[in-house]
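A.B. asks: Chain by chain, the residues run as shown.
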Amino acid sequence: MIKERTKEKLISIGLVSPTVLAIGIFVYGFIGWTIKLSFSDWNTFAKLLKGKFKFVGLSNYIKLLFQDPRFPSDLWNTLFFTILFLLGCVTLGIILALLLDRGLKGSIIFQNIYLFPMAVAFVVTGTAWRWIFAPGISAYPQGINLLFSKLGLDALRWRWFVSIEHIGPFNLALIPVVIAATWQLSGYTMAMCLAGLRGIPSQLIEAAQVDGASGWQVFWGVKFPLLRPIILSAMIILGHISLKIFDLVFSMTGSGPNLAVDVPALYMFETTFERLRYARGAAIAIIMLIMVSFIIIPYLISSMKREAKK
Amino acid sequence: MAEVRLKDVNKTFGKVVAVKDFNLDIGDGEFIILVGPSGCGKTTTLRSIAGLEEVTAGEIYIGDRLVNDVPPKNRDIAMVFQNYALYPHMNVYKNMSFGLRLRKVPRPEIDKIVRRTADLLGIGELLDRKPKELSGGQRQRVALGRAIVRDPHVFLFDEPLSNLDAKLRITMRAELLDLHQRLKTTAIYVTHDQLEAMTMGDRIVVMNEGLIQQVDTPQKVYDHPINRYVAGFIGSPSMNFLPCTIVKGNGDLYAACKSYKLRIPQDKTKSLRDYIGKEAILGIRPEHIDTKDTITRKYDPESVFQASVWVIEPLGSEKLVHIKSEERILVARLDPHVDLKPGQMAEFIVKTDFIHIFDKETEKTIF
Amino acid sequence: MNTSPRANKITLYIVMVVFALFFLLPLYVLFATALKSFSEVSASRMWNLPTIISGEGFAKALEKLLPNLLNSFYLVIPATAFSAILGSLNGYIFSKWKFKGSDIIFPIILFGMFIPYQSILPPLVRFLMSIKLYNSIPGLILTHTVYGLPITTLIFRTYYTEVPTEVVEAASIDGAGILGTYWRVLFPISLPGFVVVIIWQFTNIWNEFLFAIVITSSPAKQPITVALVNLAGSQIVEWNAQMAGALLAALPPVLIYILLGRYFLRGLLAGSVKG
Chain A
1 MIKERTKEKL ISIGLVSPTV LAIGIFVYGF IGWTIKLSFS DWNTFAKLLK GKFKFVGLSN
61 YIKLLFQDPR FPSDLWNTLF FTILFLLGCV TLGIILALLL DRGLKGSIIF QNIYLFPMAV
121 AFVVTGTAWR WIFAPGISAY PQGINLLFSK LGLDALRWRW FVSIEHIGPF NLALIPVVIA
181 ATWQLSGYTM AMCLAGLRGI PSQLIEAAQV DGASGWQVFW GVKFPLLRPI ILSAMIILGH
241 ISLKIFDLVF SMTGSGPNLA VDVPALYMFE TTFERLRYAR GAAIAIIMLI MVSFIIIPYL
301 ISSMKREAKK
Chain B
1 MAEVRLKDVN KTFGKVVAVK DFNLDIGDGE FIILVGPSGC GKTTTLRSIA GLEEVTAGEI
61 YIGDRLVNDV PPKNRDIAMV FQNYALYPHM NVYKNMSFGL RLRKVPRPEI DKIVRRTADL
121 LGIGELLDRK PKELSGGQRQ RVALGRAIVR DPHVFLFDEP LSNLDAKLRI TMRAELLDLH
181 QRLKTTAIYV THDQLEAMTM GDRIVVMNEG LIQQVDTPQK VYDHPINRYV AGFIGSPSMN
241 FLPCTIVKGN GDLYAACKSY KLRIPQDKTK SLRDYIGKEA ILGIRPEHID TKDTITRKYD
301 PESVFQASVW VIEPLGSEKL VHIKSEERIL VARLDPHVDL KPGQMAEFIV KTDFIHIFDK
361 ETEKTIF
Chain C
1 MNTSPRANKI TLYIVMVVFA LFFLLPLYVL FATALKSFSE VSASRMWNLP TIISGEGFAK
61 ALEKLLPNLL NSFYLVIPAT AFSAILGSLN GYIFSKWKFK GSDIIFPIIL FGMFIPYQSI
121 LPPLVRFLMS IKLYNSIPGL ILTHTVYGLP ITTLIFRTYY TEVPTEVVEA ASIDGAGILG
181 TYWRVLFPIS LPGFVVVIIW QFTNIWNEFL FAIVITSSPA KQPITVALVN LAGSQIVEWN
241 AQMAGALLAA LPPVLIYILL GRYFLRGLLA GSVKG
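Top line first, the protein sequences correspond to chains A, B and C. Residue numbers for the first sequence follow this note's numbering, beginning at 1 and rising by one. Residue numbers for the second sequence follow this note's numbering, beginning at 1 and rising by one. Residue numbers for the third sequence follow this note's numbering, beginning at 1 and rising by one.
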């Protein structure tokens with residue numbers, strides 16, 4: 001006679017085991033396989049078919065990081081993109097949240113406008129902004145250059161994502177992509193900050209006002225410190241998205257002139273599915289995974305710890 | 001109807017010992033109350049009886065059955081939760097009939113039982129309503145009804161009245177007692193409110209830090225607390241405690257405080273024989289302090305002390321007077337019309353027949 | 001206050017409108033071009049409104065994209081349903097029936113929603129090929145169901161944590177077992193949770209691109225995201241059709257957002273692990 005309590009434990013484990021099994025295989029098992037692949041020399045379709053595994057250690061990684069001109073440049077692009085993207089989303093998000101928090105009539109309409117890009121696919125966003133930022137040629141400007149021209153703002157015309165200008169390792173061609181990505185996702189930071197602002201007890205604000213604080217001081221002294229954890233959390237989520245960015249770049253610019261807009265995800269896609277150099281592509285993927293893990297694992301650990309405390 | 005026995009029950013959560021060496025025999029049909037402050041282990045004990053917690057050691061018997069390994073649904077118990085725990089999507093009828101439906105009791109039978117119980121509790125008109133449409137008191141009755149309908153061997157109550165407002169609480173206390181008298185089912189009731197414990201229990205179990213302090217009828221616990229903790233916990237306002245030294249004088253024993261001494265009643269001197277010259281703790285209940293003006297009987301002149309009035313709380317039926325004596329604040333329950341003002345010095349008389357002395361180290365009651 | 005409250009209000013409105021223009025800019029570009037006739041479409045007239053509204057762009061886009069739109073529906077509906085149901089059961093167990101190790105297993109599952117999918121693509125493709133589901137919508141359904149499990153589990157777990165544990169205990173005392181309690185007590189009140197999960201999954205699976213482009217290789221089987229990128233990159237399709245195509249691809253999730261935006265927001269807030 002099985003104890004009733006044991007039966008309960010078995011049922012509960014049984015109900016989640018399909019998921020645990022699936023994740024175990026499709027996430028961890030597959031990652032393991034990709035790691036193994038990255039240590040091999042399967043860099044042609046023929047080799048893949050043959051299936052013979054030859055261990056070459058870290059040679060794929062070394063080649064990528066130290067002998068390949070493209071990958072380090074991708075990493076710089078990712079860094080530049082991430083910094084600008086986070087800056088843009090956080091700043092715009094906070095500004096929009098503060099505006100909406102005023103509660104002016106019709107705010108809900110504005111809120112919906114600011115948030116709707118999140119429902120749009122990255123590929124649609126990329127397609128639309130490509131048309132906007134396509135520079136055309138100097139005699140026949142297109143897109144936003146055309147608009148600037150019409151408005152008499154010719155000085156603002158630029159080559160946008162076709163530009164090969166750079167500041168050190170930072171390619172300026174990424175800027176239009178950052179603008180498109182910020183357009184897409186600043187609604188997320190806005191929503192988080194708005195929820196955060198609304199969560200601040202009004203008595204706290206009132207106490208500060210009675211103490212003599214001006215609007216600015218209330219923001220920097222009361223609101224911003226209380227929003228910091230939310231902003232941090234949003235930055236972690238957005239940051240890990242920017243490390244993986246693929247859809248947007250693929251549909252908006254491709255790799256760009258001189259690979260100015262190339263990112264690791266694009267490189268991996270090209271390497272694995274167009275050039276069929278599977279092991280090399282796997283190495284890129286694993287490096288991406290390591291980068292993301294650095295951000296996400298501490299985040300998960302601290303979230304779980306915080307929950308355990310409750 | 002059944003007895004409940006707990007034998008050497010221990011429950012630890014990781015490193016924390018919640019319940020220690022708990023031994024208790026509850027008689028069939030008894031209304032027993034577990035009372036103590038938050039964290040004393042009373043709720044953990046109740047949940048262990050329910051089967052919602054597994055005991056770390058010890059045995060629990062319901063009736064003659066050892067139920068340690070029996071899951072809650074098979075222990076034939078019913079529980080009323082502090083937050084009622086009503087099923088939000090079911091109306092009152094369905095909430096009350098849930099347990100019976102699970103046991104495949106035939107429909108007409110369920111209907112009879114539910115309606116009868118609803119009428120008993122005065123919620124017969126509410127059977128179609130959902131919990132969110134009910135007031136706190138009504139929800140509480142539905143929770144009660146859900147338990148009664150099951151006709152269990154034991155009722156378990158987890159602080160059921162603490163979410164009700166003060167007036168409703170008093171009404172419900174009386175109703176619960178009335179119900180118990182009618183149904184005569186064994187009931188185990190947990191509360192942190194010592195007043196509830198005193199007014200409702202056949203016996204009360206005073207707990208602190210996982211251990212049983214004392215088990216007895218309410219009046220016995222009040223009159224003869226077994227240690228200083230119980231003495232201070234039961235009774236509101238709580239007992240006054242003063243440090244004193246036991247001294248001999250004029251052939252009698254006295255509890256000597258700094259500026260005055262109180263004569264120990266004759267029949268109690270024997271128990272203090274070993275304490276002469278030693279320090280002890282004196283306990284005086286507020287109702288055992290009088291003023292010269294209001295005392296009506298003859299009193300021992302060696303039971304008087306002087307103190308200054310600090311704060312007066314008029315309750316209408318009596319006055320709670322806080323007085324300062326020897327750097328301590330004592331509370332006295334006095335006649336509502338007594339004429340005292342804050343800052344005034346006055347003489348107070350102790351009914352020394354009712355004082356308690358506690359051992360200073362063990363805090364156990366000497367008498 | 002130096003400036004009057006009314007002047008402040010007007011300034012605020014102006015600022016909000018300026019930002020709104022930024023957010024609506026692409027929408028304007030898409031609509032303005034999609035609604036032009038073939039003859040009117042040109043790069044130089046990009047910012048001008050159409051002189052006459054024409055459905056030619058949409059008609060052409062529909063003609064080319066309809067099969068892919070349908071593919072997306074065939075993909076999204078089952079994948080959402082499966083991942084939602086499993087997520088609900090998982091969320092129930094992880095929030096109400098914690099067992100030894102469940103507090104470690106849960107974040108291990110959650111990690112799956114953060115990984116770059118590039119790191120599992122090669123084995124995934126190989127796996128799908130081996131079970132003959134490569135280049136098929138069912139293959140995509142399987143993929144999205146599995147990789148959707150972490151987020152659906154998270155959303156439901158957060159949702160069920162709000163239900164007082166005492167209700168589950170009361171059901172337990174009343175005689176219901178684990179599954180009975182789920183079916184009779186928790187499932188009936190799960191509707192808001194399901195709405196959030198369904199909206200979230202629908203939007204994300206519909207909009208997804210990487211799995212779509214890797215797993216379905218023939219144009220006839222591809223979902224709308226891939227078809228759009230192919231369409232938009234083509235030299236021979238007119239712009240009004242391309243932009244109309246973009247609008248069509250964006251339409252279903254945006255429609256859901258317009259109608260059920262409240263739940264969309266809830267998904268956002270629940271989906272980012274709180275803290």
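No wet-lab data here; the hints were simulated from the structure. Virtual Cβ for every residue (Gly too), placed ideally from N, Cα, C. Check the hints yourself; a few may be wrong.
Only pairs whose alpha carbons sit at most 25 Å apart, straight line, appear in this in silico BS3-like list of lysine-lysine [to be verified]:
1) B/132 / A/305
2) C/96 / B/132
3) A/105 / C/96
4) B/15 / A/9
Some chain A residues flagged as far from chain C (calculated, every beta-carbon gap over 10 Å) [what the hints assert, rightly or not]:
5) 8
6) 44
7) 70
8) 169
9) 292
A.B. asks: If you test the structure against every hint from before, which numbers come out violated?
C.D. replies: 1, 3, 5 and 9
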